[in-house]
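There are 2 protein chains.
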Amino acid sequence: MADNLKQAETELTLVMNQMSAYQQAIGLMNWDLRTGAPKKGVNQRSEALGTLSTEVYKISTSTHLKELLDIILTEEGKRQVSEITYRSAEELKKEYDKNTKIPEEEFKAYQILTTKAESAWEEAKSNADFQEFQPYLEEIVAYKRKFVEYIGYEGHPYNAMLDDFEPGMTVDTLDQVFTELREGLMPLVEGVKQAKQPKTGFLFKHFPKEQQAAFSREVLQSMQYDFEAGRLDETVHPFAIGLHPNDVRVTTKYDESDFRTAVFGTIHEGGHALYEQNISESLVGTVMSDGASMGIHESQSLFFENFVGRSYAFWEHHYDRLKSFADGQFDNVSLDEFYRAVNEAKPSLIRIEADEMTYALHIIVRYEIEKALISGEIEVKDLPGLWNEKMQEYLGVEVPHDGVGVLQDVHWSFGAFGYFPSYALGYIYAAQFKEALDQDIPNFDELLRDGRITPIKEWMSGGIHQHGALKKPGELLQDITGEGTNPQPLLRHLSSKYRSLYNF
Amino acid sequence: MADNLKQAETELTLVMNQMSAYQQAIGLMNWDLRTGAPKKGVNQRSEALGTLSTEVYKISTSTHLKELLDIILTEEGKRQVSEITYRSAEELKKEYDKNTKIPEEEFKAYQILTTKAESAWEEAKSNADFQEFQPYLEEIVAYKRKFVEYIGYEGHPYNAMLDDFEPGMTVDTLDQVFTELREGLMPLVEGVKQAKQPKTGFLFKHFPKEQQAAFSREVLQSMQYDFEAGRLDETVHPFAIGLHPNDVRVTTKYDESDFRTAVFGTIHEGGHALYEQNISESLVGTVMSDGASMGIHESQSLFFENFVGRSYAFWEHHYDRLKSFADGQFDNVSLDEFYRAVNEAKPSLIRIEADEMTYALHIIVRYEIEKALISGEIEVKDLPGLWNEKMQEYLGVEVPHDGVGVLQDVHWSFGAFGYFPSYALGYIYAAQFKEALDQDIPNFDELLRDGRITPIKEWMSGGIHQHGALKKPGELLQDITGEGTNPQPLLRHLSSKYRSLYNF
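Protein chains in written order, with the UniProt record's numbering: chain A, 1 to 504; chain B, 1 to 504.
One thing to keep in mind: the hints can contain errors.
Copies of the same chain look alike in the list, so a pair counts if it fits in one copy or across any two.
[Said to hold, decoys possible] Dumping the calculated BS3-like pairs for lysine-lysine here, alpha-carbon to alpha-carbon at most 25 angstroms:
(1) K193 <-> K381
(2) K39 <-> K471
(3) K457 <-> K39
(4) K40 <-> K457
(5) K108 <-> K497
What the hints contain is simulated information worked out from the structure, not anything from laboratory work.
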């Protein structure tokens, strides 16, 4: 290898190691903030986080990095450096371009705006008054429209935003996929609505927190989550965070009058954590030590939550254990009744409370609105009306006020456009992976019934987790399923599951 | 103020803010490592800590910093910049000089040596074989002797090492103070040895961990430790750590067959924590947001542990509460018996297990050895013999083997010479402060009896804590007690307490 190329590869590794040390510190500081840091220290913590993030930003936009990338991202570089280095350089170049194309002054003004907008959103939401938030959102949308022009895009301007969360995803694909999905889901929603509803009263009995925690730990263990490379803590808004594959932390929330929050929440975050724990050691310290995309990450949490955790076979194994931790709550509840209750589906107003069957419809509402907003087909003032119409049309629910409607999510207040679709893509990918897995592991249910999750986890780790960000989402999907984004497996799964559960 | 001076002051503040953001991250990462970080992540954590520490080192030895310090540390600077800036600049200059005077290559070789030496020490200690450790210690001592020459000193070369932990302290002072102390302590040791020993069997009954934790929290609260600016966690080797005054964490250890470990350990670390929590907000983000010295820091932990926590009056208030958390362990134990038991004194082999009365003698043994070693009066090979002689002479104990003798402490393996004296100085200062406090608060015992620690804590905060590192240890002592380091108050305290406890 040419000397300058060799040297550039070595230096890039050092730069990435430095960035990942900062990221580890930032990750831990955030985890700590959300799991018990003393409340008086929040301001100083934010300042320190700001300082460290600025350092990472400086490195990622430095001339030194740019020079290294220019040497590596050449025909000769592609032939001679390792795949990990080359792919890392590609990602760093993408970030570099994004970060340097937007004029610094404008980006700073935008950041100040989003900080204010988040408080304004909170206020507006609690007052259920969209007009309080409208001027902020108008400014944010104006910036976003301008920024995509700086960054550049092919086809629809919204593609540039999708790319932040789901590299390679486009409006063309999503239009097709989401239309198909919506048309497939609506009859299911109707069917469930008309059907006899399951009994659910027993779900809401008192289940002591410590016992929920003990059961949650047991479930994580059975999922092959490695407690020597992680820990479980309590928080207000649960998340999983990977500082690196040997330190991946899960957090959960205990609601003593609804054990489902902790149990299904822990399984969900556990799915994210399995991804992070099983990224190949060879990627550690590079920017490839990350998930392939937000949608692929979500496919792992949702696969474990819905295809494992909400399956009948899983509870054949775990129901007696759950009973042993509960205070008699399930004594007169059959496994069948339990299974029906934890799989209750019904159209509702709030996305984060939605069930497996209706969730994607909440996302489609948001996708259609975001896309039209960025292209300029609609304006911010049109949002509440459009929102309410679409909720009525797709889910059949009446929105009583904006607080539980268009103002329910925080995302827009910090400019996260293009983020929502990934949630629905997570459902779609999970179902696609499940059908591929069924080919290789036909006795899936039997394994769950025996509490043997290892082969399932190994299959996911081998096909997905280990590759980190080396493979792009489309590539992973193609390699595993032989096709692109396809909503049919999800529709087949939901249709068969809910027609059987609700007898329609 | 001249423009360049003004600008230098502003820039120095920015540099210090950046350093303190890194320090906050480093502090949290260390705290996490010792309170529950997943064990598989230790290597990656060490690497990240290395990266961040290197950054701090780079800043503290940068030409940019040097230029700022040269502008500020002038006659004009002294007149015009704030006292905080000037004192900070002095400290930074001291660090800069130390860090730049030792040739980088030698310092790196020394660091590699100490890493190896620590493992060698551990091995040697468990084999009780000094010869295994001897070659490492010889090399370390050779480096230390060379480094003090690079750094420079006045009088005895050991002064340069004392200065790392106790700015301004000298061999001349310590020789006098420690001789006086040793001569005053030896008759007390003898007296206690001959006297009737207290009953202590009841101390070692089973005391459940959760209940110890609850009592420990209550005691911290009564000390005015602010839980909104801190937290209490479990660890193996207890410590307190201040990330900044609004985030000061205490750790403790629960021994279910000896509650004293947690209770007195928590009070001790709580004393350190009160210091850190009460440093003035105006110092935050500067290098002045720190204790004045290790000895002054230790004076605070020891004041709370011994003068508060081991006093009769304290237990008049807390004994019933302790009983309510214990499982009947103290049912037939009078307050008087309890008080005698937790104040048991007897000569022993191990420093970290030593009681209030004999502790300083362990330090004096180490001081005399270190001093002679650095000056070249003795060599490493002489250590075991000298150690055993001095232990016999000062404490009257026979050392059965080096594992519980000269090899017991980790300090020398990482080159921490000059550190030990600060522990004894902590005892001495604590007693000096106590006599000064008695002048201002003559009803000390009455306050403890009523559980009113606030005025005591306020007195310490006003005189010591709030100043951070602005005042040097000698200055603090002079301002509060009107004198320099004086062992007489400690001797008066120990003599009166132990003559009365042991009736001699």
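* Asked: Checking against the hints above, which ones are violated?
  -> Of the numbered hints, 1, 2, 5 do not hold.
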